[in-house]
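So the sequence lines, in the order shown, correspond to chains G and C. Position 97 of the first sequence, counting from 1, maps to 97 under the working numbering, and the rest follow consecutively. Position 7 of the second sequence, counting from 1, maps to 7 under the working numbering, and the rest follow consecutively.
Keep in mind that the hints were calculated from the coordinates and are not lab data. Check each hint, because a few of them may be wrong.
What the hints assert, rightly or not - Okay, derived cross-link-like pairs now, DMTMM-like style, lysine to aspartate or glutamate, Cα gap no bigger than 20 Å in a straight line:
#	chain 1	residue 1	chain 2	residue 2
1	C	K138	G	D189
2	G	K129	C	E29
3	G	K164	C	D102
4	C	K103	G	E192
5	C	K138	C	E110
6	C	K103	G	E162
7	C	K103	G	E160
8	G	K168	G	E145
9	C	K67	C	D23
10	C	K138	G	E162
11	G	K164	C	D20
12	G	K129	C	D20
13	G	K103	C	D23
14	G	K32	G	E81
15	G	K129	C	D19
16	G	K33	G	D114
17	C	K32	C	D20
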Amino acid sequence: MGEVIVITSGKGGVGKTTTTANLGTGFALLGKKVVLVDADIGLRNLDVVMGLENRIVYDLVDVVEGNCRLKQALIRDKRYETLYLLPAAQTRDKNAVNPEQMKQLCSELAQDFDIVIIDCPAGIEQGFKNAIAGASQAIIVTTPEVSAVRDADRIIGLLESEGKHNPKLIINRIRPNMVKKGDMMDIDDIIEILAIDLLGIIPDDDYIIISTNRGEPAVANPVSTASTAYKNIVRRLTGENVPLMKIEANNGFFNRLKKVFNF
Amino acid sequence: MRQYVIFKGSRNGLQLVLDDSADFAVILENLKAKLESAVVFFTNGTIVEVPAKVRVLTTQQQEDLAKLLAIYGLIFRETAQQQEVTTTTNVETEELQTLFVDKTIRSGQEVVYNGSVVINGDVNPGAEVIAGGDIIIKGTCRGVVHAGAYGNIEATITANRLLASQIRIANLIARAPDNLDQPEYTEMARIQDGNVIIETVDI
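Turn these sequences into a full structure, and let the hints guide you.
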């Protein structure tokens, strides 16, 4: 039986979809059999970020309603053989599926795959309830902003009341220069409020925008700092003990050079 | 189907015990099925109370509950309101029990209790703690706290780190200054001469 992980945040635009794509690709790089499930019915994005938009024939709602078999709706990634995507429907809304059906779907997927990653929609309504229904583990993505942290806190509370304890935290889009100057929320401040285990921090990286627009997850890029951070998170999720990345301002020429040569 | 809703007999009528973990919508459905299955059993005008100890309800949820019960001729009464009448003197306040909560209260969560409340954890921003008596927080308080909510002006609020966005005692409201210093000591808020004051205490 594989593991079912939901990526959630409450607030929109903090990087759930990017995180889903990169963690999924990261697991695939390690040779794991992975399926990414887009639970954002009506506002699907994950297929675009993965660059698989033009291959969609059937979607999640088709599977749930019995219009096709599960295998028919799964799209194999064009780069990694063990990576699959189950896209969301775009012409329907969140009410097209209920939590019971999602549970059933997740347990079916978990039989065939090592890892099932669910991309949760923003908000706390039906879509959120659907997305978390079948998950055995939750990863919360937040950014160092008070609004995102507040929403993350709410989500942790809601997960608790659904009986899903010990979610893990990813802090996305840290800007080393601003943290250094004290202009950005500190990692310690966020941990103090949310009081959950930190899975990793992702530095703000222009390459994420480039790779998202190209439809190829950044994690495969060896130079990007965000890519290294995602790889570290994947290794931590597989049980390895990887120290937190040092977030330092690298604006000097020597630092840039260091980054390129990776020492 | 799991039983999320249990009816218990009490001195004043019926007590409704709601499961702590279940979704509110599920509870409503469960309750409806239960009422439907025993229409004759419930006499018109029976008062139904929900003890605040097990499950804390928001105002909207209370309204929904009241509406549903009204269809079957039952009257919903908040336990808190009933206590309001009885807790006029301090002696009786002391007799009220204390609710111990062993977790962090997160944004959107609410603790409402007639007696005193002791929180063994933090109260995060966006969370609310409302107590008829005192509030003691053994952690950091960043949310909204209301002690003596039913008019007890003797009530106090104590926290290891009192950084509450708003402190309410009885009918007084104090807002945190816009640039709040990080307190290093346990502090207590109480009413003195019609003002909310905050002082350092030793515990």
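A quick look at each hint next to the structure:
no.: 1; hint: C/K138 - G/D189; verdict: holds (18 Å)
no.: 2; hint: G/K129 - C/E29; verdict: holds (17 Å)
no.: 3; hint: G/K164 - C/D102; verdict: holds (17 Å)
no.: 4; hint: C/K103 - G/E192; verdict: holds (14 Å)
no.: 5; hint: C/K138 - C/E110; verdict: holds (17 Å)
no.: 6; hint: C/K103 - G/E162; verdict: holds (15 Å)
no.: 7; hint: C/K103 - G/E160; verdict: holds (11 Å)
no.: 8; hint: G/K168 - G/E145; verdict: holds (18 Å)
no.: 9; hint: C/K67 - C/D23; verdict: holds (18 Å)
no.: 10; hint: C/K138 - G/E162; verdict: violated (26 Å)
no.: 11; hint: G/K164 - C/D20; verdict: holds (14 Å)
no.: 12; hint: G/K129 - C/D20; verdict: holds (17 Å)
no.: 13; hint: G/K103 - C/D23; verdict: holds (16 Å)
no.: 14; hint: G/K32 - G/E81; verdict: holds (10 Å)
no.: 15; hint: G/K129 - C/D19; verdict: holds (18 Å)
no.: 16; hint: G/K33 - G/D114; verdict: holds (5 Å)
no.: 17; hint: C/K32 - C/D20; verdict: holds (18 Å)
The structure is inconsistent with hint 10 alone, although it conforms to all the rest.
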